[in-house]
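**Q** Chain by chain, the residues run as shown.
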Amino acid sequence: MIELYAITDHPTPPLPQVAPLRLVATGDLAAICAPAGDDGVSADALWRHEAVVEALMEQRDLLPVRYGTRFDDEDAAARAVEARRDDLAMALDRVRGAVELSLRVIEPGAPQAGDGASYLRDRRRQEDARRALHEPLAAVARAAMTRPSPDRSELLRAAYLVDRDAVEQVTGLIAQLQAANPTLRLLCTGPWPAYSFAEA
Amino acid sequence: MTRTAAVGGREVALIDLVDRLLAGGVVIEGHITLAVADVDLVYVGLRALVTSVSTAEEKGMLPRMGSAL
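Protein chains in written order, with my numbering: chain L, 17 to 216; chain C, 52 to 120.
Simulated from the structure, these hints should not be mistaken for lab results. A hint or two may mislead.
[Claimed, not checked] Listed next, the stretches of chain L that the computed footprint assigns to chain C, with coverage defined by at least 3 CB atoms under 8 Å from CB atoms of chain C: (1) 17-23; (2) 89-98.
[Claimed, not checked] Quick partial rundown of chain L residues pointing at chain C, CB under 7 Å, derived from the structure: (3) T28; (4) A59; (5) Q75; (6) L79; (7) Y83; (8) S118; (9) S134; (10) Y135; (11) W208; (12) E215.
[Stated by the list, open to error] What follows is a set of in silico ranges between Cβ atoms, one per label pair, in the way DEER data are often shown: (13) D102(L) to H82(C): 20 to 26 Å; (14) Q33(L) to E80(C): 46 to 52 Å; (15) P32(L) to E80(C): 25 to 31 Å; (16) E80(C) to A155(L): 22 to 28 Å; (17) H82(C) to G125(L): 42 to 48 Å; (18) P32(L) to H82(C): 21 to 27 Å; (19) P198(L) to A74(C): 28 to 34 Å.
Note that the Cβ used here is the ideal one computed from N, Cα and C, for glycine as well.
One chain only, chain L, in its complex shape:
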């Protein structure tokens, strides 16, 4: 059993020595895979997987593959890549030269409940704050997306697709937004492989 890490262009620079990686080429695309371990879904297993994809990302453009994608052998992996060739080539072009930044915005002590009027007032205030943070970032990013927040203390959970050479500009803007909103906590991580922009 082999596990897929990423889809990239073929040919591609030499693979890093972070794992027993193999290149499965089909035409001008290649899948990067390694023998599958018996990892489940522990935090350590996720971090190990991520470390491999990040090492790959340093040298090439890539589409990260959903965690846990496995095949019986390299032929089966090549057939599966071939079956989605056009989608994959288009998606790889979409993220070419870019990385992903993650932003979560937490409002410590945000009211979790209230009567009807104050609830609506809070919702409107939170929505305004959310937009004031998200819109300027989306404007400088190549693409942006948001995920639902688990509770009302999290104002925003977003991802921004950013050109590699614009990362500092965007993190600088996030630092400015943090300074302008001292009661909020802006938690930014990255650069990540473009996980949130891999599917159209």
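Fit chain C to the supplied structure of chain L, relying on the hints for placement.
**A** This is chain C only, laid out in the frame that chain L set:
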């Protein structure tokens, strides 16, 4: 992220990691070894972490934005 040395930053980033590896990435038909139930379990485990991050944030225990980069 591998560049995230601070323990607090790593915990913050774990939520972002789960969002990406388990819900993002390109989907290629193969043996997807994770049942949806497994993913739910991870999120249940993280919900406690989300709460503790918020709490730690209020107490000023976690680094401000930027140090997690």
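**Q** Decide, hint by hint, whether the structure agrees.
**A** Against the structure, the hints:
no., hint, result
1, 17-23, "holds (count 3)"
2, 89-98, "holds (count 4)"
3, T28, "violated, 16 Å"
4, A59, "holds, 6 Å"
5, Q75, "violated, 15 Å"
6, L79, "holds, 5 Å"
7, Y83, "holds, 4 Å"
8, S118, "holds, 4 Å"
9, S134, "violated, 21 Å"
10, Y135, "violated, 20 Å"
11, W208, "holds, 6 Å"
12, E215, "holds, 6 Å"
13, D102(L) to H82(C): 20 to 26 Å, "holds, 23 Å"
14, Q33(L) to E80(C): 46 to 52 Å, "violated, 30 Å"
15, P32(L) to E80(C): 25 to 31 Å, "holds, 27 Å"
16, E80(C) to A155(L): 22 to 28 Å, "violated, 36 Å"
17, H82(C) to G125(L): 42 to 48 Å, "holds, 45 Å"
18, P32(L) to H82(C): 21 to 27 Å, "holds, 26 Å"
19, P198(L) to A74(C): 28 to 34 Å, "holds, 31 Å"
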